[in-house]
Amino acid sequence: MSTSPPPTNEEQPRDAAYWSSSGSSLKVTNIPSGALNLNVDGRQVVGPLQGFGQMWQKIYRIRLKADEGEGVPPLTAKEIIKTWKVNFPQFWPTGNRFYGPLTGIAPGEVALLSLSMPGGIRLSTGVLVLYADEESFTLDDTTRTCVCRLDNL
Amino acid sequence: MPQANVMMNVRRVSPTISIIDIHGDVSAFAENVLMEAYAEANTPTTRTIILNFAGLEYMNSSGIGLLVTLLIRINRQKQRMYAFGLSEHYRHIFELTRLSDAIKIYENESAALSAA
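Residue numbers (this note's numbering), protein chains in the order written: chain A, 1 to 153; chain B, 154 to 269.
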């Protein structure tokens with residue numbers, strides 16, 4: 001299967017800064033008030049072929065209407081994703097909480113989740129920021145992988 | 154819209170083994186190129202698809218998603234996917250995303266062919 005790795009390249013690829021440099025094991029360093037560190041610390045993230053249920057690719061399209069006043073430049077993907085990252089905890093459905101890392105959505109950071117499940121059950125879990133650049137970010141947890149990316153304006 | 158910054162070359166080294174040499178960036182924009190390469194690599198007798206990442210220059214999470222899509226397609230054909238030529242950085246990415254659980258990684262082309 002795997003053999004000894006090739007020599008390390010001194011020059012890092014362009015994507016190096018955008019990937020988590022930690023391993024696939026979740027490490028919780030700060031627990032926000034109200035959050036539960038259950039099923040998170042020390043757990044392994046799963047790959048996209050693992051976890052419960054079948055993996056689906058879902059694409060959602062939304063129309064963002066910016067102020068079209070004179071001289072107002074159109075929104076860029078970078079601006080939208082930046083706003084999305086900063087306000088991500090506020091975009092969750094009622095009853096669900098995303099406890100983001102203090103440093104924000106950045107590669108390698110871990111966030112805790114409190115999810116409302118059918119039957120009144122609450123699920124506590126966490127996600128690793130697997131990848132984050134100016135126009136997308138990817139969260140991976142112990143059950144599935146979620147990619148958030150803006151394609152076009 | 155940005156264009157795909159990737160080139161892929163297909164080598165059918167045997168009736169059962171095809172190699173796809175990847176040069177450039179693997180991101181969402183590489184989807185058509187990758188799927189066309191697979192269509193060329195896939196024959197009625199192909200059993201193993203080997204991806205050569207020695208020319209890989211950039212890969213984001215969408216690129217990983219593409220590889221997963223390809224892997225699912227290959228698995229449905231009852232074929233196997235191997236890889237070689239990964240730098241230490243991209244080998245880490247494969248392990249981080251657990252893609253290495255599903256795609257066997259080899260140090261070089263010879264090792265991958267021997268295993269196929």
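Among the hints, a few may not be true.
[What the hints assert, rightly or not] Residues of chain B placed beyond 12 angstroms of chain A at every Cβ, according to the derived structure:
1. 162
2. 196
3. 200
4. 242
[What the hints assert, rightly or not] To give an idea of the interface, some chain A residues facing chain B are shown, with a C-beta separation under 8 angstroms as derived from the structure:
5. 24
6. 42
7. 46
8. 90
Think of the hints as simulated: they come from the structure by calculation, not from any bench.
Note that the Cβ used here is the ideal one computed from N, Cα and C, for glycine as well.
These are the hints, each one checked on the structure:
no., hint, result
1, 162, "holds (20 angstroms)"
2, 196, "holds (25 angstroms)"
3, 200, "holds (18 angstroms)"
4, 242, "violated (6 angstroms)"
5, 24, "holds (5 angstroms)"
6, 42, "violated (16 angstroms)"
7, 46, "holds (6 angstroms)"
8, 90, "violated (23 angstroms)"
In this structure, the earlier hints numbered 4, 6 and 8 are contradicted, and the remaining ones agree with it.
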